[in-house]
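> Quick note, the sequences are listed as chains A and B, same order. Residues in the first sequence are numbered from 305 upward in steps of one, following this note's numbering. Residues in the second sequence are numbered from 21 upward in steps of one, following this note's numbering.
Check before you lean on any hint, since a few could be wrong.
So the derived list for chain A, only partly shown, Cβ under 10 Å to chain B, looks like this [said to hold, decoys possible]:
1. D311
2. G326
3. T340
4. R345
5. A391
6. C393
7. A408
8. D487
Heads up, simulated SDA-like pairs for lysine to any residue below, C-alpha to C-alpha not over 20 Å straight-line [stated by the list, open to error]:
9. K34/B / E516/A
10. K34/B / G457/A
11. K34/B / T74/B
12. K34/B / G76/B
13. K34/B / V362/A
14. K34/B / D486/A
Simulated from the structure, these hints should not be mistaken for lab results. Bear in mind that the values here come from a model prediction, so they are computed numbers and not experimental data. Cβ coordinates follow ideal geometry from the N, Cα and C atoms, glycine included.
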Amino acid sequence: MTGYLRDAAALARKDLLLELRGRETLPSMALFVVATLVAFRFALAGEAEAASEGLLWVAIVFTALLGLGRAFVPEREQGVLDGLVLAPCDRSAIWLAKVVATFAFLVLVEAIALPAFALFFGGVGAATLAAVLLANVGICAVGCLLAAMAAAGRARELLLPLLFLPLAIPIVAGGVGAGVTDDPGRYLGFLGLYDAIFAILAWASFEYVVTE
Amino acid sequence: MIHARRLSKRFGNKRVLDGVDLELPRGGFLTVTGPNGSGKTTLLRLCAGLLAPTRGELRVEVERGRIGFLGHEPLVYRELTALENLELYGRLYRVPERRERIGMLLGRFDLWEARRERAGSYSRGMLQRLALCRVLLHEPDLLLLDEPFNALDAGGVALLENELAELAPSRTFVVATHDPARLERFTSASHAFA
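Let the sequences and hints guide you as you build the complete structure.
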């Protein structure tokens, strides 16, 4: 187990280092989420308050999609996935590392997005914050598996949204529910359950996604 | 070490390998030749376990971590330095005394001075040398090399030939090449695709 976590840590460190040097994913995600929130603010002037919770979740899901689309780009463009797959480590460590790195990117982007959202739409509750953190786990767990699947295909730019968005609907439902209800516990529990189920499924099936 | 019977591989409607029979004992050196698109790379990828046969039987009697695979791409991250790339592979392959081994290989392949430069700034020949360092890092038992002399200058070719001469008696090799004459002295078996 220690070896497994050490492999995942080394791979995640590599992903963070690649982003630090390339600076391709994070700035795009940050710009996208802020631009989306600004666009919503002006598009729904006057009516934004009622729909604000939903707008936040739409912005988060599409921003995450942007990051997930880039998750396996270094491996695909440079063929490195073959090298990683041949290594004697558990292949799910590659998935876990991508989840950790994408989670980190998402949290950093949300550190910009949530204050911007609060500025435009009037506050972010503790339940919403908890829901966002829980949703990040599910988004990254499912998204990194689907990103690996899409990276192997030809129409990868089309494939990832087509696979990811239907699976993100429960996340949006849970997140919005947690933000608008007086009893967010049920929705947070639902998000936690989603995370647990999909993280286990993604972890167990990653091996089959990266091998023929 | 490698047993293939009626090995076939299709990509969609395209048949790339059709009924290939191969026997390569431990310590053997198989040279695979043939024109572009004849299936050399596919055979190597099948042996590495990166592809699954469509039909037929393929047995490779070596653990995944004991294979050294050199493909068309160097399989390194361009944004990382040579040292960082080898360090990452060394960790994943559980190479004992990793730093010493990496230093020795970088020195041997004349990359020591450029070890802290990003792989993306390397010339094609330097990338091929780095790829060879990656392949040899974990001292594999089975080496699958696809056009290993590609992009190497005279010095690089000499280095690789020395490496092959040193390793050939104790390792098993499958090498795809357009220049079988260069490997003649090592070759124990050959397979020519039409």
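> Could you run down the list of hints and mark each one as holding or not?
Against the structure, the hints come out as follows:
1. D311: With Cβ-Cβ at 6 Å, under 10 Å, it holds.
2. G326: holds (5 Å)
3. T340: violated (28 Å)
4. R345: Violated - the Cβ of R345/A stays beyond 10 Å from chain B, reaching only about 36 Å at its closest.
5. A391: holds (4 Å)
6. C393: holds (5 Å)
7. A408: Violated. Min distance 17 Å.
8. D487: Because about 46 Å separates D487/A from the closest Cβ in chain B, which is outside the 10 Å limit, the hint is violated.
9. K34/B / E516/A: holds (17 Å)
10. K34/B / G457/A: Given pair K34/B, G457/A holds - Cα atoms ~17 Å apart, limit 20 Å.
11. K34/B / T74/B: holds (12 Å)
12. K34/B / G76/B: holds (17 Å)
13. K34/B / V362/A: violated (43 Å)
14. K34/B / D486/A: Answer violated: K34/B to D486/A is near 60 Å, above 20 Å.
When the structure is compared with the earlier hints, violations turn up for hints 3, 4, 7, 8, 13 and 14 and for no others.
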